[in-house]
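S.K.: Construct the complete structure from the given sequences, taking the supplied hints into account.
Convert by adding 1084 to the 1-based position in the sequence shown; the result is the number in this note's numbering.
In case anyone wonders, no lab produced these hints; they're calculated from the structure.
The calculated DSSO-like cross-link candidates involving lysine-lysine, where the alpha carbons are at most 27 Å apart (straight line), are:
{"no.": "1", "residue 1": "K1568", "residue 2": "K1538"}
{"no.": "2", "residue 1": "K1458", "residue 2": "K1538"}
{"no.": "3", "residue 1": "K1391", "residue 2": "K1421"}
{"no.": "4", "residue 1": "K1674", "residue 2": "K1380"}
{"no.": "5", "residue 1": "K1538", "residue 2": "K1391"}
{"no.": "6", "residue 1": "K1478", "residue 2": "K1458"}
{"no.": "7", "residue 1": "K1635", "residue 2": "K1568"}
{"no.": "8", "residue 1": "K1421", "residue 2": "K1411"}
{"no.": "9", "residue 1": "K1380", "residue 2": "K1391"}
{"no.": "10", "residue 1": "K1487", "residue 2": "K1421"}
{"no.": "11", "residue 1": "K1580", "residue 2": "K1567"}
{"no.": "12", "residue 1": "K1478", "residue 2": "K1391"}
{"no.": "13", "residue 1": "K1483", "residue 2": "K1391"}
{"no.": "14", "residue 1": "K1592", "residue 2": "K1674"}
{"no.": "15", "residue 1": "K1440", "residue 2": "K1411"}
{"no.": "16", "residue 1": "K1666", "residue 2": "K1592"}
{"no.": "17", "residue 1": "K1704", "residue 2": "K1671"}
{"no.": "18", "residue 1": "K1380", "residue 2": "K1478"}
{"no.": "19", "residue 1": "K1348", "residue 2": "K1214"}
{"no.": "20", "residue 1": "K1538", "residue 2": "K1592"}
{"no.": "21", "residue 1": "K1440", "residue 2": "K1391"}
{"no.": "22", "residue 1": "K1363", "residue 2": "K1348"}
{"no.": "23", "residue 1": "K1568", "residue 2": "K1391"}
{"no.": "24", "residue 1": "K1421", "residue 2": "K1592"}
{"no.": "25", "residue 1": "K1337", "residue 2": "K1231"}
{"no.": "26", "residue 1": "K1592", "residue 2": "K1440"}
{"no.": "27", "residue 1": "K1580", "residue 2": "K1391"}
{"no.": "28", "residue 1": "K1440", "residue 2": "K1704"}
{"no.": "29", "residue 1": "K1290", "residue 2": "K1671"}
{"no.": "30", "residue 1": "K1674", "residue 2": "K1391"}
{"no.": "31", "residue 1": "K1421", "residue 2": "K1440"}
{"no.": "32", "residue 1": "K1674", "residue 2": "K1440"}
{"no.": "33", "residue 1": "K1421", "residue 2": "K1580"}
{"no.": "34", "residue 1": "K1487", "residue 2": "K1704"}
{"no.": "35", "residue 1": "K1538", "residue 2": "K1380"}
{"no.": "36", "residue 1": "K1458", "residue 2": "K1487"}
{"no.": "37", "residue 1": "K1568", "residue 2": "K1640"}
{"no.": "38", "residue 1": "K1568", "residue 2": "K1580"}
{"no.": "39", "residue 1": "K1458", "residue 2": "K1483"}
{"no.": "40", "residue 1": "K1458", "residue 2": "K1482"}
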Amino acid sequence: MTTPRRTWRWAALLPLSLLLLAGWPRAARAIDFTFGDVTEVLKFGREVVTDALESYELIKPKLPGGASESDFPFVKMMEKRLMSQIVGVSKKIDAFEGRLEHRVEQMLEATLQKLPEQDQLRQSMNELWKYLTQVENLYQSFVQYSKAPEKYEQFTMEEFARNAVSSNLNALPDVLQMIHRLVVPPNASVDLFRRSVLLLLARNMKEASSRMCHDQQSPQQLLYNLYNTIALVEVKGAAMMQFSWTMLRMYNKGNFTEEVEQLKQQYAIRTSETLRAVKTAMSFAPREFWKCDPAKHQLDTTYTELKQVFQGYIVNEVDMNPQSTCKENCAYYSYSKVHGCYGNQFCATQRRCNGKLVNCQYFDSDMWICPSGKNSVRRYEYVEYENGQVFGRKDTCKKPTIKVDSWWRWLFWHCSYCMCYCDDHNSNSDRYFNLRDVMADIYANKVVTGVRMKKENQVIHIQIQQGTLGARGFIDPETVAWKKIDNYTIIDDDVKAGIDYHTIMWEKRAVDLDDLEAPSDHLLTGLRFRTIGAHLNLEIMMTPFNFTTGKLVPEKSQWHSQDTTDASDQIDLDGEMQQATKRTELKLEKPDIPTRSLAQAVPDSQSNQYLLFTPTDLNKDAAQNTVPFIDAQPVEPRPAVPISGAGIFHKGRSGYGGFLALKLITYNFEPQIRTELPSSPPLIGLSNDISGL
1085 MTTPRRTWRW AALLPLSLLL LAGWPRAARA IDFTFGDVTE VLKFGREVVT DALESYELIK
1145 PKLPGGASES DFPFVKMMEK RLMSQIVGVS KKIDAFEGRL EHRVEQMLEA TLQKLPEQDQ
1205 LRQSMNELWK YLTQVENLYQ SFVQYSKAPE KYEQFTMEEF ARNAVSSNLN ALPDVLQMIH
1265 RLVVPPNASV DLFRRSVLLL LARNMKEASS RMCHDQQSPQ QLLYNLYNTI ALVEVKGAAM
1325 MQFSWTMLRM YNKGNFTEEV EQLKQQYAIR TSETLRAVKT AMSFAPREFW KCDPAKHQLD
1385 TTYTELKQVF QGYIVNEVDM NPQSTCKENC AYYSYSKVHG CYGNQFCATQ RRCNGKLVNC
1445 QYFDSDMWIC PSGKNSVRRY EYVEYENGQV FGRKDTCKKP TIKVDSWWRW LFWHCSYCMC
1505 YCDDHNSNSD RYFNLRDVMA DIYANKVVTG VRMKKENQVI HIQIQQGTLG ARGFIDPETV
1565 AWKKIDNYTI IDDDVKAGID YHTIMWEKRA VDLDDLEAPS DHLLTGLRFR TIGAHLNLEI
1625 MMTPFNFTTG KLVPEKSQWH SQDTTDASDQ IDLDGEMQQA TKRTELKLEK PDIPTRSLAQ
1685 AVPDSQSNQY LLFTPTDLNK DAAQNTVPFI DAQPVEPRPA VPISGAGIFH KGRSGYGGFL
1745 ALKLITYNFE PQIRTELPSS PPLIGLSNDI SGL
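M.R.: What follows is the structure, encoded as structure tokens:
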């Protein structure tokens, strides 16, 4: 056999449907899958496999006594073009799968560490990766042969084909069947939930959702991409088997018509069953996407905070009443303010409280105070009373301590130093939340793809990332960008309190915690804060859209919120609700500075709760910070996907103030997944120019 003849015979072995796909303009799009493109995966497989009989009939078997090149006019004419195209297709497939496997394997490994049934899942996943790798190794040989067919003898090709269709254990058909059994157990009606790796993964994801905060994808996205990996390996395996039957027929090793028909049927059955399993699993998998704590907290990068809002403040009774008397005790001053600085004593050495004094308490007459630095937002590093009680950390003091003593007036009145909470109102107080609408450019067909909270000019803003929506949930990655913040200051002429911004103060320091989701045919296109009575409340804007075309219907957009906070509810000066509401309070028990925690913060709130901004614990921090802090990390699934909802929640650890954070709820693609195989274009009757298919 001459080299040229071996070359054209090798080209003849390639499955015609796969070769034709290489020249199809939609192939590139089919290979560059997005979250909603399960139909493209199925079309890709159908064009390779379910039209096998049509392509198979175009390949003639080797005639007795040899054959001339004239017996293969179509193959000879297309040989050079088709060989280059199959190499191009394989490169695109490998490039996509390389990216996908890197994401899936890396993220599944992180996921397994958080799931309750680790051992069973790890065993199943190890088996799955083993079988996927076996198919991938065979596929790499397939690609290697196609790139340089002139280097290999007929014996090598024939051996590859025999192994690819063998009924022996660990041969390609057996490996494909083992993959399928991991996804769809033999007795699926009984064992699907207990043994299917997809269902087991989804169930455990749901149970461990409070510990899952992937860097790139929601659990449902991750599950879907695992399915993509399995589906593409199935396509590779079926393509190699089709190639092998075609080659064996050409070498007169049999007709194999029935075998090719069985391949077509088996592929259709396995694909449909796998798709039903992933559809069921996706209905269980959580769609919330939020961010873990970073490896290292960075102020105004990964988090920000309300500054000089609520803070422990030491003040003598004589300065808390306009008469400068000492007739009462500290507890009497549940609500007061600083009226003066009697005798220029300790009061003259510290930054004055320009707002309200609340919840004053007496601990001891005399104390040592370590003042904080001039540029610090704190007033004290620690306070040590003469009775030995210490507020704050003594090891943080870098300045000489100040001795502060109470005194007696006329032997009858004790002018005591009290520890109060100062609700400050100075120019450096960061206590404002933006109330203006934050909307995507819906008339340019853009939707929200990411969110974060960011402080600008002492105001906490919700900033959105937006991208252009396309057909079937595709987000054009070239259009994804953060939208500029509506940057204003509270002293601008056209800015009004209660309309443009909300001021956190002792009586109005509640934040509602909610998960908000749009109906199934709507997407998230905006967010905003509003106030309901004393509560700061989150709203989302949802816009209907057409899934098939990706077109928004902007004129039907509407705002949605959880309206369970009664507008008449108020917080009294002791920080308690005056009357019961439908919401329950998430109480921060003796909270320390959250960045001091060595453990990762985890979600500990539920929808329909609320929390109160509050000072840190006296014992742990001398009440010098306001908690919770604000999580400023960007919440942005990658690749960008449509979002159907958002939430505001608290994450923390017991004994720490934690973080107020945003989450996203990715669009639920499960209802859009069809379990029947899609149709594909016919492959018979094609002209020589296949570029226009």
